[in-house]
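Chains A and B, in that order, give the protein sequences.
4 is the number that my numbering gives to position 5 of the first sequence; each next residue is one higher, with no gaps.
In short: position in the second sequence from 1, add 16, done, that's my numbering.
Some hints here could point you the wrong way.
To be verified - Within a straight-line C-alpha distance of at most 27 Å, the following computed DSSO-like cross-link-like pairs (lysine-lysine) qualify:
1. A:Lys51 - B:Lys274
2. B:Lys336 - B:Lys391
3. B:Lys665 - B:Lys629
4. B:Lys92 - A:Lys39
Derived from the structure by calculation, the hints contain no laboratory data.
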Amino acid sequence: MIASAHSADKKVFEISRLSNEAKELRSAFMDGRSKLMRLKMESTIEKKVVEKGLEISEVPPKKIRIKRQE
Amino acid sequence: MATTETNILNRLYFVAGCMFVFALAVVFKLCSIQFVHGEKYRAMAQKRAVKYFDIPANRGNIYSADGSLLAMSIPKYDIAIDAVTSSEKNFKKYIKPLCDSLATFTGKPSNSFELKIKKARETEDQYLALLRNLSYSEFIRVRNFPLFRLGAVRGGFVYNQTTKREHPMGGIAERSIGYERIDENNYATRVGIDGAFGKDYLRGKNGKRLKQKIGKGEWKPLRDANEIEAKDGYDIYTTIDVNIQDIAHHSLLGQLEKYEADHGCVVVMDVKTGEIKAISNLGRNREGKYYERLNYAVGESHEPGSTFKVMAMMAALEDKVIDTSTVVDTKNGSKRFYGRTIYDSGAGHGKISAAKALEVSSNIGLATIIDDNYKDNPEKFLKRLRQWRLNDTLGVSIIGEGIPDIPHPGASNWSRNALPSISYGYNMELTPLQTLAFYNAIANNGQLIKPRFLRAVKEFDRDIEVFEKEVLVDKICSEQTLSKIKDILKNIVVRGTGKKLYSDTFSMAGKTGTAWTDYADIEAWRKDKKYVSSFAGYFPADNPKYSCIVVIHKPSTKVGFYGADVSGPVFKRIAQKIYTDTPLIDEIQTVEFENAQVVEDFEKFNSVSNTYKTIMPDLVGMPAMDAIAFLENMDVNIKVKLNGSGRIKSQSVSENIKLKPNQTIILEAS
Numbered sequence: 000m001i002a003s004a005h006s007a008d009k010k011v012f013e014i015s016r017l018s019n020e021a022k023e024l025r026s027a028f029m030d031g032r033s034k035l036m037r038l039k040m041e042s043t044i045e046k047k048v049v050e051k052g053l054e055i056s057e058v059p060p061k062k063i064r065i066k067r068q069e
Numbered sequence: 017m018a019t020t021e022t023n024i025l026n027r028l029y030f031v032a033g034c035m036f037v038f039a040l041a042v043v044f045k046l047c048s049i050q051f052v053h054g055e056k057y058r059a060m061a062q063k064r065a066v067k068y069f070d071i072p073a074n075r076g077n078i079y080s081a082d083g084s085l086l087a088m089s090i091p092k093y094d095i096a097i098d099a100v101t102s103s104e105k106n107f108k109k110y111i112k113p114l115c116d117s118l119a120t121f122t123g124k125p126s127n128s129f130e131l132k133i134k135k136a137r138e139t140e141d142q143y144l145a146l147l148r149n150l151s152y153s154e155f156i157r158v159r160n161f162p163l164f165r166l167g168a169v170r171g172g173f174v175y176n177q178t179t180k181r182e183h184p185m186g187g188i189a190e191r192s193i194g195y196e197r198i199d200e201n202n203y204a205t206r207v208g209i210d211g212a213f214g215k216d217y218l219r220g221k222n223g224k225r226l227k228q229k230i231g232k233g234e235w236k237p238l239r240d241a242n243e244i245e246a247k248d249g250y251d252i253y254t255t256i257d258v259n260i261q262d263i264a265h266h267s268l269l270g271q272l273e274k275y276e277a278d279h280g281c282v283v284v285m286d287v288k289t290g291e292i293k294a295i296s297n298l299g300r301n302r303e304g305k306y307y308e309r310l311n312y313a314v315g316e317s318h319e320p321g322s323t324f325k326v327m328a329m330m331a332a333l334e335d336k337v338i339d340t341s342t343v344v345d346t347k348n349g350s351k352r353f354y355g356r357t358i359y360d361s362g363a364g365h366g367k368i369s370a371a372k373a374l375e376v377s378s379n380i381g382l383a384t385i386i387d388d389n390y391k392d393n394p395e396k397f398l399k400r401l402r403q404w405r406l407n408d409t410l411g412v413s414i415i416g417e418g419i420p421d422i423p424h425p426g427a428s429n430w431s432r433n434a435l436p437s438i439s440y441g442y443n444m445e446l447t448p449l450q451t452l453a454f455y456n457a458i459a460n461n462g463q464l465i466k467p468r469f470l471r472a473v474k475e476f477d478r479d480i481e482v483f484e485k486e487v488l489v490d491k492i493c494s495e496q497t498l499s500k501i502k503d504i505l506k507n508i509v510v511r512g513t514g515k516k517l518y519s520d521t522f523s524m525a526g527k528t529g530t531a532w533t534d535y536a537d538i539e540a541w542r543k544d545k546k547y548v549s550s551f552a553g554y555f556p557a558d559n560p561k562y563s564c565i566v567v568i569h570k571p572s573t574k575v576g577f578y579g580a581d582v583s584g585p586v587f588k589r590i591a592q593k594i595y596t597d598t599p600l601i602d603e604i605q606t607v608e609f610e611n612a613q614v615v616e617d618f619e620k621f622n623s624v625s626n627t628y629k630t631i632m633p634d635l636v637g638m639p640a641m642d643a644i645a646f647l648e649n650m651d652v653n654i655k656v657k658l659n660g661s662g663r664i665k666s667q668s669v670s671e672n673i674k675l676k677p678n679q680t681i682i683l684e685a686s
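With these hints in hand, go ahead and build the complete structure from the sequences.
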């Protein structure tokens, strides 16, 4: 009885530790996600590559799709 | 006294008696606690050791159409210092490096931190707030600063974790993504999508759980019948397209900055489905910086100005009171209507066709058309507008939609001048979104759709609710009227007021608008002219995919104020961006190309590689490329040396010889 109560207590500490960790990881994930979202936005990329002399094309890319004849 | 047996016994009796009395007292006290005061103590124990805890539900996330996160709840940290708890030695040793670290972190001077912390130590302040709203990675960084590294007791590192709503896109579309805030008086502020759907979907339900205290500040749950599990909020998938939103935001921002305008908005809508792909609302703060201030596109009703001429023209075309070729006299730039003069910008256009009047955006032209044909029966004209639901809100999900106002005879803002005024977008009010919905209907072959922000509500992968397109009016007008108005809208960009926006690589159609605003005091207005510049339309001009409206309020007249100059470029940039992002697809039929030599080589290669695995084949006549590939794929590991590059002329090992490992074969090619 006493032993199982103690083991339950131990589990509670463990859960609290893990849920804190989960919170931290969630926060770290969100942090990274935020940074990534901002970095991958076209306007950011545009600013970065302008130094390298790259600009956004005025004409769209062309795709050639081949239709197979049966 | 002699030590006799009686003596010892007497002593024993005495001690035993004392113990008995003591035992009695214990039993008495026990009974008294258990039965006399039992109730009181039990209640007290319950209160101390057992408590109900709220289990907070996680608020749902908001996603864009492609699954990028737009809003999410995450922990944030506030950092404070307990200036008293650290030892004198540690404090002296680390205070300087700590303040230096804080200074590099915040960019504020180091000595201001030092002064504050030292003062707090003198006044025995155990909670001096230092930093607020840190993200997790920042929190980890600060936790490793000198002194803080020692922890709560030795270093005085105090932190507070709170859950905050975070928008990973930053300020972009912030007002439309929105938030829900409930203050201590239970007064809720609900903004944008987050606010509108908070109660129904995002919020979830808090749980309750009875817990018992077990030390170390921890509580352990007790099994109890009243226990309620927390139910997390649902996730919301919006229609926002992150890429288009990004373009819309930045081109609007650039233009607002260039024209030092007060505020502006841009909305991009998918023609077929009514999905809002991008919505950006930027207002100027005191320092002249722009931020998502209010949801102007949804909430702000204002006089639309010339963009409304399209509706007036369509009403006249649909009622067949005019045709596009009907000649209208716009005089030389000014004309009197019922004691009030209406002006055109420039020196006037003379006698022009109705279509031309719209192309050059002639106030007089439109006022004349509408006044001539409807002055005896304004109700007929207004009925058309009502049929197009222009007098009614769209009923969009975001709270606080502006209410349109189109006067009718008998209303306080009705006069004989109301009709000509309405024809060019004055003496009435619409929100940008309402105007856009109408232009979208033109692009969508006459079907008026309700703009919507939501695609689906989900719990993980399971759909809770899916939103479909909602048709408000199935067909606003006849095909003839539609094709006429589409031609005019196209020509406006080709040769009308929007010709500066014309591009020969991609097509767009739309109407410019330049309206006066804040002109109640006409003298003040003349001194400091304020305009609303707008552009509404769709692209590509044929088979449109997106409709879009741009409205910019109060641009600096020193830089410019015409719709085509101020708002048009935002529209054009979005149209151009979407055009260049969409690959052009050329489909071609395969040209079956048969070359006898190639077929022969291929068949020979196949038959040789299937039969010769360890013995040398005859390679003469085979292309060198094939010969090498073949030899290297043999089951025996051999080396090949090739001279030349054409077809094989001779081989150093003749046919049918068994090959040895690591043997070198020399091939001579032409």
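- Message: With the threshold set at 27 Å, check whether the alpha-carbon distance from Lys92 (chain B) to Lys39 (chain A) stays at or below it.
- Response: holds (24 Å)
- For the pair supplied as a hint, Lys336 (chain B) and Lys391 (chain B), is the alpha-carbon distance within the 27 Å limit? With Cα atoms ~16 Å apart, Lys336 (chain B) and Lys391 (chain B) stay inside 27 Å; holds.
- Does the structure keep Lys665 (chain B) and Lys629 (chain B) at a Cα separation of 27 Å or less? holds (22 Å)
- Restraint check for Lys51 (chain A) with Lys274 (chain B), where alpha carbons must lie at most 27 Å apart: holds (26 Å)
Violated hints are absent here; each numbered hint is respected by the structure.
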